[in-house]
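> Residue strings, one per chain:
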Amino acid sequence: MKLSGAEIVCESLLQEGVDLVFGLPGGAVLPLYGAMARYPGLRHVLVRHEQAAAMAADGYARATGRVGVCSATSGPGATNLVTGIATAQMDSVPLVAITGQVPRAAIGRDAFQETDVTGITLPITKHNFLVMEVEDVAPAIKEAFHIARTGRPGPVLVDIPKDVLQDLRTEFVWPDKPNLPGYHPPGEAPMSEVARAADLINQAKQPVIMAGHGVLISQACNELIDLAEKAQIPVITTLLGISSIPSDHVLNMGMPGMHGMAYNNLAIDQADLLIGLGMRFDDRVTGRLRDFAPNAQVVHIDVDASELDKNVKATVPVTGDLKKVLNQLIPMVQPNVHIDWHRRLDELKAEHPSLYIRESEELLPQYVLNRLSEVSGGDCIVVTGVGQHQMWAAQHCTFREPNTLITSGGLGSMGYEVPAALGARMGRPDKTVWSVAGDGGFQMTMCDLATAVENNVDIKFAILNNQSLGMVKQMQDVFYDREYYAVEYSGNPDFVKLAAAYGIDGLRVTRKDEVDDAVRHAMEVSGPVIIDFVVKDDEQVYPWIPAGESVHEMIEVQPARGGPY
Amino acid sequence: MVQANPPEQHTIIALVEDKPGVLTRVASMFRRRGFNIASLAVGRSEKRGLSRMTFVVNGELPTVQQVTRQLDKLIDVIQVSYISTHQVVARELALMKVTTTPATRGEIMQFAELFSANIVDVGSTYVVIEITGGEQKVDALENLLSPFGITEMVRTGLVAMVRGQESGMEAENLGVPISGNGIIKMDSGI
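Residue numbers (our numbering), protein chains in the order written: chain A, 1 to 565; chain B, 1 to 190.
Hint data in this document are derived by calculation from the structure and do not stem from the laboratory.
All clues stand as given, with none of them false.
Sample of chain B residues facing chain A (criterion: CB under 7 Å; computed from the structure): (1) S28; (2) R32; (3) I75.
Heads up, simulated DSSO-like pairs for lysine-lysine below, C-alpha to C-alpha not over 27 Å straight-line: (4) B:K19 x A:K142; (5) A:K142 x B:K47; (6) A:K177 x B:K47; (7) A:K512 x A:K497; (8) B:K19 x A:K177; (9) A:K142 x A:K324.
Now the stretches of chain A that chain B is said to cover, found in silico as 3 or more residues with beta-carbon under 8 Å: (10) 120 to 131; (11) 172 to 185.
Beta carbons: idealized from backbone N, C-alpha and C, even for Gly.
Chain B extracted, bound-state conformation (with noise of 0.2 Å):
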């Protein structure tokens, strides 16, 4: 069987007013556009009163353009960094209540170890495991815990910060016209 190449992967960060509202403001704008969000992680950032959005978005290169353009429109929008080609340190967390026997958890202690994970429930026949690390690192862990039995999970989607002492929201713009509302900073190729 022929497997589809997977869709092309997106990370945007955007600072947005921290008010009543702009959550919505901003997930109505990606279903009235039909844009895909693949995660979205929302928290404070390190300015008062501003909250941190990081967006994994799929798509071609142009669309992902139409979404950082469309989002700076946006009032409560801030600014907006497209992340994708720079260095970046990008985590998520994730719970997984894994079932366990007598017979299972030494080995599924050992995978979590192994994952640097930390158990922080534990009962007779089941643990929760914590883990934070790069998407391919909690989906290796989830694959290998699945044949145990998760019978819940949770993940935090992606959170993203450029590495380095440059701050991400203030990437370079490496020459691309435009500025509606606020300032995308973006690098090359889109």
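Bound conformation, chain A alone (with noise of 0.2 Å):
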């Protein structure tokens, strides 16, 4: 039987397993919302602005492990996919997204509608399409996923003029197996290569584990505990690297770097050997680089060749999946007990108590982060924005389970916060979600609420409201003396009212005895919830190692009025 390649499309999807699609038609789209009205099995979620469907389709992409999909219409609604399509890429997140295109004879032309799609995401994607003919929509979509999904993951991107979408003239073939010579994500590493990684660890006397979100994407979080565990090597998790092991393992240390702990900092330069694992050295992490770890030698384990030497030279760069090297080097490291090192890591702990949130009798964020991950039993997905309320929550919530912080790392995504809770929680119906937000983010996509009332998306949104862009004042506080300008948000919107005007439950939170009681209600309620939480409007996030700079210049605790800051 003739399908058209709208139809062929919805066939490939189901091929694929996809069960959502994130979007929003328009006109060249639109010959595959018609086919997709007779696919039921392809459920497409209404978005209101296409950047929600992109960062849904990532939501639901970290929350599962599967390819999120979004669709959307040409121009406009392709470019507004944009920042989502940015942010996957940023953090390795395997996500397809389908756009139209204008016909093909109007192509080149400017037509209505028209823009660039591929060219403009080609930066920005981990590949992209551009189908001209029917017969290719099949295998374009099946390489699409695979290459979405294999090695490194990152998002790719499907063009289809609206004339191959109405296209009848093929029968549906769904190819064996993909068909892209240039591509072949590395499995194991070479033996040699292991065994030198081997010898550095059982030779390092001060070493620590690394651990980004690689190890997620890769599923080799218990490798990694076994790792650790064995050698009995200290690990320190990367803002995406956060629940890739239990935050109350008595081995975890939490993050490094600009927010991280001053410890994992002071860790990191006293260090031996550094064994990074599925991470980049990504400067948040590093500071200036010719002071990162300068006694520390490298092991660098990533499926990215090109992550390997690109900002810290390896001593033993390996290229490979990370869960399989892992399992070949395991064998090779003997056990260890390194209990010098723990002695001063204890001291170093014992010396910079950075989670310390002091006695106040105002309402701080840090507090309210403590308060809800403790009284939701630390085992929700905590989806965040950007900004100071996520370095709180990376530094102030527990994670018992993989894939429970989902947060935009690379790019740095305000407005993430509301789709992407939207996605993990449409991907996990099992778990309780909460989008911590700022006000500034929140009110950057809150237009989505609308998506998750009619789809009855149980999210409990908790916005720390401190009426102004807080990491952006907190820099111009240190840097630019004071001198706070386009920070203060003088007209929010009563959010207690924007949830009622969405027909859901609001509550505000100015007081620190109400937080506990606020947390409790939200997780009873069945259905979205927001809480605003009316915070301390000043207060800044520590420890804070300046962009630029190395531990040396690390601020560890929030200076006192009139001091150097």
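From the two separate chains plus the hints, produce the assembled complex.
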């Protein structure tokens, strides 16, 4: 039976096991929507803004480990996806975006709603396709999913002209395998390399594991823990590596870097070996490179060879799938206790208690997140936006299971918290999903509250409301002589009334003693809830290594007013 | 005046799928990562459907290593080879349109002959000279002819091939932990 290009897209999505598509239709992509209506196996979630479609697909992918799918029309529909696609690219999230394009004959003529979306997304996708023949639709989608999910995952965009979607000329033929002669994701590493890595680990006196997103992506959490426990190596988790090892594991040290624990940055400074697992030595982790880990040799294992030696020169660079490489490595690692090193680390922790929340009558945002995590039992999924609340969530929330902190790390996209929570909850309806938001980011994407309401997606929104762009304000405070400019939000809506406008529960919390009850109430209510936590508005995130500086310039606690900062 | 050291030059070969947009992907990667291409030549290879790109890249060795790995990461790039440490044949072709007068024509033709260059077009006031050779040979002829007035010139950029039976694309991989998407074959030091 002959099928249209659009029907072939739907058949292909079903072959890939897709059940959810986040999107918003428009002229050029309409043939696809016409076809989707006849495929009940594909549930389409209509968003209010295409950015939410891409970010919801991203949240879905991070929560489930499956490929997230979004769709949009040509021109503005496609360009609205861009921030979401770039977010997925920076954080290695498997995403397939399907966009309609103007008919082939109109391409290149500046037609209505025409934009060169494959050109625009070229540097922010792992790969993209402009499908010019209906015969190529199924192969392109097969290849798109394969590329998106394998190796180092990432977003793939498939742009299909309207007349290709309408073209009713071929039968649906699903290719056996993708035809990608230039794409071979690595598996195991050469044993000689693994042996060199094991040698360094066995000789190290003061080793530190730095676990990144790759541990979660490669599903190597158990291997990470096995390696750490076998040689009693402390584990530092990057922002995206959080939840790869339970927060309460005795070897888990938490986050390093700009707003990481002071003792972690000092541990890295004193370490004689860094074992980087599925991470990329991002500038937020390293600070000034020439002062980073001056005493350490480096074992760096990553699936993406171009990450090795990119920022930090590795003594032993190893390319391979992390889970497979760890399974090669662990038998070669000798049991160890590193008693002196752990004694030293305990001293550092005692001398630099980075997670201390001071006693205060005021509602401190750190306190709110600490209680939120505690009261909700630490086994929910926390989705954050970007800024102060994100760092406080990374510092003060606890995580037990893999993939339970979902946050835009690389791109740092404010507004991620609303749509990503939508996708996360739709992918994991068994988990409580907290969207931890700032009042700034929340207002970037709160239009998609309607999508949550419409689909009865049970998300608990915790807005840490300081009526400002807190992180920017913090930087202006320290680096721009407190000249606050363009950071105060004096006209925020009443978020409780906003909740009412959407027909959902809303609460305002202004006092410490209200926090636990509010969190409990939100967990008990079925359906979305907004809690507006009106927090102390000049609280700042510490410890802090200012951008481009090193552990030697680390500021551990918020200085008193009138101090050097 | 102290002359700065010329930047190191490295030659990289990439076998790529002959598809629309591949050149854009490659060029975009160089631009985005801030790598400097000294020359780029693209043409058909011995394999159907595959084009061969020859890059001459300026930069330190670690930068060039990043270039090869980033190139290899592109889905349409089948294979990347670093051939600078091999014995290679590297050639480019140049066309130069040189102003002539009855007094200078003889001398110009003599220079062309000395360089085994061909005169491919001639008029009463100009000649077009075609030269093939290594970069330095082409540079030398250009320098010699400049005083006469080169009104137009085009150089193709280097194409290169490893000498001997061994194929450049299968140059030995001397213990470099690479291989992202495709297969990078490289020599010592990179």
